[in-house]
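Colleague: Let's have the full structure, built from the sequences with the hints guiding it.
There are 2 protein chains.
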Amino acid sequence: MDPTRSSEDEAAAFFRAAPPLRDRDAVAANIDAFVARHSRSTGTGGGSVGVVCVTSGGTTVPLEQRCVRYIDNFSSGQRGAASTEYFLKAGYTVIFIHRRGSKQPYCRFLPEDSFLDLFELGEESEIQVPESHTTVVKTAISSYRKAIDEGLLLKLPFTTIFEYLQLLQMVSTAMNCLGHHGMFYLAAAVSDFYVPWESMAKHKIESAGGPLNMQLNQVPKMLFILRNHWAPSAFCVSFKLETDPDILLQKAEMALRKYGMNVVVANELANYKDVVVMVTSSGKTTVSRRSKADDLEEQLIGLLGKMHSVHATQPSSDQET
Amino acid sequence: MDPTRSSEDEAAAFFRAAPPLRDRDAVAANIDAFVARHSRSTGTGGGSVGVVCVTSGGTTVPLEQRCVRYIDNFSSGQRGAASTEYFLKAGYTVIFIHRRGSKQPYCRFLPEDSFLDLFELGEESEIQVPESHTTVVKTAISSYRKAIDEGLLLKLPFTTIFEYLQLLQMVSTAMNCLGHHGMFYLAAAVSDFYVPWESMAKHKIESAGGPLNMQLNQVPKMLFILRNHWAPSAFCVSFKLETDPDILLQKAEMALRKYGMNVVVANELANYKDVVVMVTSSGKTTVSRRSKADDLEEQLIGLLGKMHSVHATQPSSDQET
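Each protein sequence line maps, in turn, to chains G and C. Start counting the first sequence at 1; every next residue gets the next number (my numbering). Start counting the second sequence at 1; every next residue gets the next number (my numbering).
It should be emphasised that the hints constitute simulated quantities derived from the structure, not laboratory data. A virtual CB, placed ideally from N, CA and C, is assigned to each residue, including glycine. Hints are not guaranteed to be accurate.
What the hints assert, rightly or not - Straight-line distance between alpha carbons at most 25 angstroms, and here's what the computed BS3-like set of lysine-lysine pairs gives:
hint	chain 1	residue 1	chain 2	residue 2
1	G	Lys273	C	Lys202
2	C	Lys89	C	Lys155
3	C	Lys89	C	Lys146
4	G	Lys138	C	Lys138
5	G	Lys138	G	Lys292
6	C	Lys284	C	Lys306
7	C	Lys273	C	Lys251
8	C	Lys306	C	Lys89
9	C	Lys251	G	Lys202
10	C	Lys138	C	Lys292
11	G	Lys306	G	Lys273
12	G	Lys221	G	Lys258
13	G	Lys251	C	Lys202
14	C	Lys273	G	Lys202
15	G	Lys284	G	Lys221
As the list claims (entries may be wrong) - Just the calculated beta-carbon pair ranges, DEER-fashion:
hint	chain 1	residue 1	chain 2	residue 2	range
16	C	Ser291	G	Leu118	30 to 38 angstroms
17	C	Asn30	G	Asn176	54 to 62 angstroms
18	G	Ser199	C	Arg100	29 to 37 angstroms
19	C	Glu198	G	Gln215	21 to 29 angstroms
20	C	Trp197	G	Trp197	29 to 37 angstroms
21	G	Asp149	C	Leu249	49 to 57 angstroms
22	C	Phe15	G	Ser199	33 to 41 angstroms
Modeller: This is the structure in structure tokens:
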């Protein structure tokens with residue numbers, strides 16, 4: 001069987017069966033307008049150095065159509081939020097496809113549930129933050145405002161695997177017009193298994209009937225479709241997370257070849273903030289955090305930016321390697 | 001087989017196999033001190049009208065010991081957060097056992113991911129909020145500060161079903177000394193099924209092996225244990241959420257009898273913010289929200305407060321009905 005044909009068929013079947021994204025037309029128009037505005041200024045020297053689609057946080061798999069229970073993939077969204085900040089700092093325009101409620105750029109320093117713990121009322125009932133946090137909060141507010149006001153950041157939220165993959169398809173087909181100037185930085189933790197919508201329980205699964213048996217199907221490998229159909233000229237970076245270090249690099253290399261990625265970033269759950277390995281067809285580069293005060297993402301995005309700028313100067317026919 | 005014995009055995013087995021709560025001793029000491037402080041002032045006319053344990057948000061069920069994937073129960077925590085505010089307003093002291101990242105008292109009005117959208121820097125780079133939100137933000141900050149500074153609110157976070165049930169056990173055995181003055185308001189969405197820790201995959205489940213088959217066990221019914229052993233004199237309110245209205249009331253009545261609850265609040269996923277039915281041994285009361293500007297929880301907590309004050313005047317031997 002032709003593997004290309006089979007992936008495409010599986011992807012088409014997945015999208016046919018998926019519940020349609022809410023306000024799909026409006027979201028699509030918004031994405032198209034955002035990309036079109038930047039396609040005029042990208043790579044011409046004056047404007048943005050490129051447009052990057054950052055995906056972040058975990059996708060959910062509903063187990064019931066009127067969803068009470070779902071399977072979730074662990075991801076705080078820390079990596080995607082931090083990376084978005086450094087991409088913006090490096091001159092990129094960012095489309096941030098993120099899990100609702102996950103960490104957001106410029107406020108990932110906030111302790112959880114900290115909104116009220118962080119603020120207090122002064123003597124004239126003005127809103128203030130403790131002296132120790134003033135600088136970091138003010139810098140966050142001004143950096144975020146700048147990115148939004150200058151139209152450099154588009155935020156698109158998802159919850160389910162169905163929403164995530166529809167957004168990824170819309171953004172990547174829209175970004176195809178950017179050719180080599182587009183980048184995908186796929187840091188989201190995407191479900192491998194799902195329950196097809198049409199075979200899903202309509203109501204909450206009864207708990208009285210003893211142990212629960214479930215069978216989950218594999219999610220089609222959309223990286224392959226993105227690479228080969230949606231945006232074949234873009235620079236593609238995907239992530240491989242494992243808990244077992246013994247199989248990590250081997251799985252990263254397999255993903256590099258199988259999906260034709262430019263870079264696979266390999267990380268372990270136990271130390272993903274401290275060290276990653278960038279796997280490319282020409283070798284491996286270990287990136288380590290210099291100190292607890294540094295973000296690993298600053299170095300990582302620096303290296304990827306350089307690789308992307310080389311990629312962007314290649315002739316268009318050359319991207320299949 | 002004696003059903004009491006069997007429930008206790010199941011519960012004991014569950015706790016034996018559960019990974020121990022982090023900082024368990026420190027958390028227990030904190031709970032004991034909080035309850036002891038309020039046991040002196042509760043029900044004597046001067047201080048708090050009682051102590052209520054509010055549970056809120058959904059519990060997760062890890063599918064792997066080094067957890068990448070888990071099953072989650074949908075719950076924003078809106079009900080628990082709003083109810084906590086109204087309990088505090090009604091003079092209660094509140095122990096708020098909540099899912100990390102779920103809605104919090106006094107900041108549930110915030111749009112999601114809104115931290116940065118809500119704040120801006122003024123001309124002298126002072127932190128400000130738009131005119132339209134000033135009052136609501138300032139009220140939230142001062143109400144929250146008051147509750148914390150006066151020691152009326154203890155917040156205890158959980159993520160997994162293992163953490164949730166350990167916290168519930170610790171809080172309810174600590175609250176047992178309050179007798180009839182204690183209340184449980186169990187609004188958390190608790191998993192019915194789980195994977196026992198010792199039979200769980202150690203590493204991330206491989207996705208290459210085709211469809212995934214899982215078998216999940218039933219979580220022991222801890223409401224029964226709470227009612228009969230941990231805090232038998234407390235006033236107990238549990239929640240029943242269903243998506244199918246045809247079976248909702250029947251299931252609520254079953255829970256009332258089976259677990260000896262004082263009240264079961266029945267709600268449907270489709271309209272849980274607008275209407276609930278309070279089911280008790282003496283009948284049913286429908287509570288509807290008066291307008292979109294009102295919180296249903298204000299009426300609900302008003303009615304429960306009255307029922308609890310009647311319960312609190314009963315002699316101790318009388319609580320088993």
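Colleague: Given the hinted pair Lys284/C and Lys306/C, is their alpha-carbon gap at most 25 angstroms?
Modeller: holds (16 angstroms)
Colleague: Has the given pair, Lys284/G with Lys221/G, been kept, meaning a C-alpha gap of at most 25 angstroms?
Modeller: Cα-Cα ~24 angstroms, so holds.
Colleague: Hint says 33 to 41 angstroms; check whether the CB-CB distance for Phe15/C and Ser199/G agrees.
Modeller: With Cβ atoms ~36 angstroms apart, the hint holds.
Colleague: Compare the distance between the alpha carbons of Lys306/G and Lys273/G with 25 angstroms, and conclude whether the hinted pair is satisfied.
Modeller: holds (22 angstroms)
Colleague: Are Lys221/G and Lys258/G close enough, with their CA atoms no more than 25 angstroms apart?
Modeller: holds (10 angstroms)
Colleague: Is 29 to 37 angstroms respected by the C-beta to C-beta distance linking Trp197/C and Trp197/G?
Modeller: holds (32 angstroms)
Colleague: Honestly, do Asn30/C and Asn176/G meet the 54 to 62 angstroms range at C-beta?
Modeller: This hint holds: roughly 56 angstroms between Cβ atoms.
Colleague: Starting from Lys273/C, check that the Cα of Lys251/C is at most 25 angstroms away, please.
Modeller: holds (20 angstroms)
Colleague: Compare the distance between the alpha carbons of Lys89/C and Lys155/C with 25 angstroms, and conclude whether the hinted pair is satisfied.
Modeller: Holds. Lys89/C to Lys155/C sits at ~17 angstroms (cutoff 25 angstroms).
Colleague: Check whether the Cα positions of Lys138/C and Lys292/C lie no farther apart than 25 angstroms.
Modeller: Given pair Lys138/C, Lys292/C holds - Cα atoms ~22 angstroms apart, limit 25 angstroms.
Colleague: Look at the Cβ atoms of Ser291/C and Leu118/G and judge whether their distance stays inside 30 to 38 angstroms.
Modeller: Between Ser291/C and Leu118/G, where Cβ atoms are some 32 angstroms apart, the hint holds.
Colleague: Under the criterion that the straight-line Cα-Cα distance not exceed 25 angstroms, is the pair Lys306/C, Lys89/C satisfied?
Modeller: holds (14 angstroms)
Figure legend: structure checked against the earlier numbered hints; every hint is met.
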